[in-house]
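Enquirer: Residue strings, one per chain:
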Amino acid sequence: MGYVAVKGGTTAIEESIKRLRYERLKDGRVIEVEVIKSCMRGLIDRIMSEGSIYSRDLAALAIKQAEGNPEEATFLLRAYRSTLPRMHYSRPIAPKDMCVERRISSAFKDIPGGQILGAAYDYVHRLLDFDLYNESKREILQWLHLYTETFSQEVPEDHGKLPKVIDLLRREGLMTETERDDTEPQDVTRDNIRFPTRRSERLQILTRGETGAVTALGYAAIRGYGIVHPTVGELRVGYLPVHLDYPMANSQTEDDVIYIGEIQVTEVETLVPEVREENGKAKIEFSIGYGICYGQNETKAIAMSVLDNCLEKSHINSPVHDEEFVLMHIDCVEATGFISHLKLPHYVTFQSELDSVRKTREGKQHDEKI
Amino acid sequence: MQRKRRTTILVKSGKQLAKLFAGEIIQNYPVVTVQEPQNGLIMIKMRESAQNKLFYLGEVFVTECKVQVGNVLGVGIIQDDQPEMAYYLALIDAAYNADLAETKRWEAMLTEEENRIMAREAQERFTLLKTTVNFETMDVLGGATN
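Which chain is which? The protein sequence lines are A and B, in order.
Under the numbering used here, think of the first position of the first sequence as 1, with each following residue one higher.
Under the numbering used here, think of the first position of the second sequence as 1, with each following residue one higher.
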């Protein structure tokens with residue numbers, strides 16, 4: 001069978017693009033980017049995390065353009081990201097520098113600094129609130145005034161910085177102390193990954209993974225496809241300051257850095273008990289699963305910590321412990337791109353398959369006649 | 001005032017103070033824009049708390065600008081698309097690098113602004129800390145709770 005080159009569809013494609021615009025505008029209404037930024041916090045956080053670029057403005061714009069479709073918005077952000085120069089690398093950000101807005105532990109009731117519930121859906125009735133149909137700006141402003149006027153002159157002393165729960169376990173010797181490792185991380189956006197991967201590559205891929213995919217695999221790990229049953233040692237949501245070494249001098253002193261702003265992240269450490277042999281004796285201690293992502297996306301961060309722990313135990317024969325299985329299938333752009341390509345014309349390959357099917361049928365009919 | 005503290009105050013303060021300082025420099029000295037405000041990315045290097053290793057968390061969208069005040073260079077870098085602010089920050093940076101007389105006057109204003117920022121953050125924190133759980137031990141007979 002020979003190939004036949006064909007062309008066509010240009011007008012239809014142009015009309016399809018107009019139709020897409022029509023679908024977005026047909027009710028004669030537009031949503032402002034600023035409104036998306038103010039009112040769609042959860043979606044923005046998810047898009048920034050999966051798009052792997054922190055900008056609430058750009059995420060809101062992508063959401064508007066994609067009509068709220070997360071995979072399309074993520075694609076738009078990643079595509080825009082690829083056009084921008086990488087100007088600098090930040091100084092290493094330490095989790096202890098987080099200004100904490102929410103912090104809970106499922107492992108300990110009493111933790112230094114306390115359990116701070118912050119803002120979360122965990123404590124509300126998950127019932128549709130029909131009053132929101134008629135929410136007015138006047139009511140909102142009134143509520144905001146009432147809420148904020150209860151401010152006090154008392155100044156909390158913690159400045160939002162709280163000790164880590166896992167450090168308590170380390171001090172008790174229930175967890176192995178780890179040496180600080182300053183090895184430069186690998187960058188999966190610059191170099192293709194090779195298996196087995198390094199920890200830095202795994203964490204980078206997990207943190208930019210698609211929320212649903214990371215959650216599904218994390219769930220599978222707990223449900224029976226992995227040998228982990230974690231406890232959330234600590235879950236924090238808060239802001240991390242971003243500093244750069246001053247680019248116009250060799251000075252790298254702590255006080256000579258540039259502050260460029262802050263990023264909100266969710267960070268989770270899950271504790272997984274495991275048995276280790278030491279001097280011929282079985283010893284139980286905790287290993288840690290680490291999860292972190294842009295914005296407030298607690299399910300994703302917990303699931304990431306579960307998968308991180310699974311991938312540290314790659315000798316276990318199970319899909320969620322197989323780094324290729326996990327890391328190659330959780331990226332939103334790669335997964336949706338490959339699935340979407342099935343919509344592209346496969347006329348020649350399908351004709352070839354059709355020919356094979358026809359020949360098989362013909363052969364069968366011929367055999368039946370004999 | 002050291003760069004870290006100064007840039008923290010200026011970025012957290014918003015455009016007004018930076019514009020005021022930058023205006024003084026523009027008025028009193030020859031200014032050349034070496035690099036127009038340009039969008040770009042900063043890769044976040046993160047230290048994870050499980051094994052104390054470094055990895056890349058993702059990138060942050062920024063605006064960067066470079067200027068020259070007299071013979072001295074300055075750079076301004078700020079999160080998101082903020083061309084004016086990046087320009088002001090670059091001018092202020094150059095002014096400090098050149099040790100201009102104006103910077104001495106700015107110190108008191110920066111300190112005052114820092115106090116305002118700290119007070120605002122403390123107030124926000126006060127509201128937030130209302131969500132801190134106050135556990136009360138219950139008298140439960142014949143069983144433990146999870």
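Do not take every clue at face value.
[Unchecked claim] Using 25 Å as the maximum straight-line C-alpha spacing, the simulated PhoX-like pairs for lysine-lysine come out as follows:
1. Lys-4(B) to Lys-37(A)
2. Lys-64(A) to Lys-18(A)
3. Lys-12(B) to Lys-96(A)
4. Lys-96(A) to Lys-4(B)
5. Lys-104(B) to Lys-130(B)
6. Lys-18(A) to Lys-7(A)
7. Lys-359(A) to Lys-369(A)
8. Lys-96(A) to Lys-15(B)
Don't read these hints as lab results, they were simulated from the structure.
Enquirer: Taking the earlier hints as the rules, which of them does this structure contradict?
Expert: 1, 5, 8
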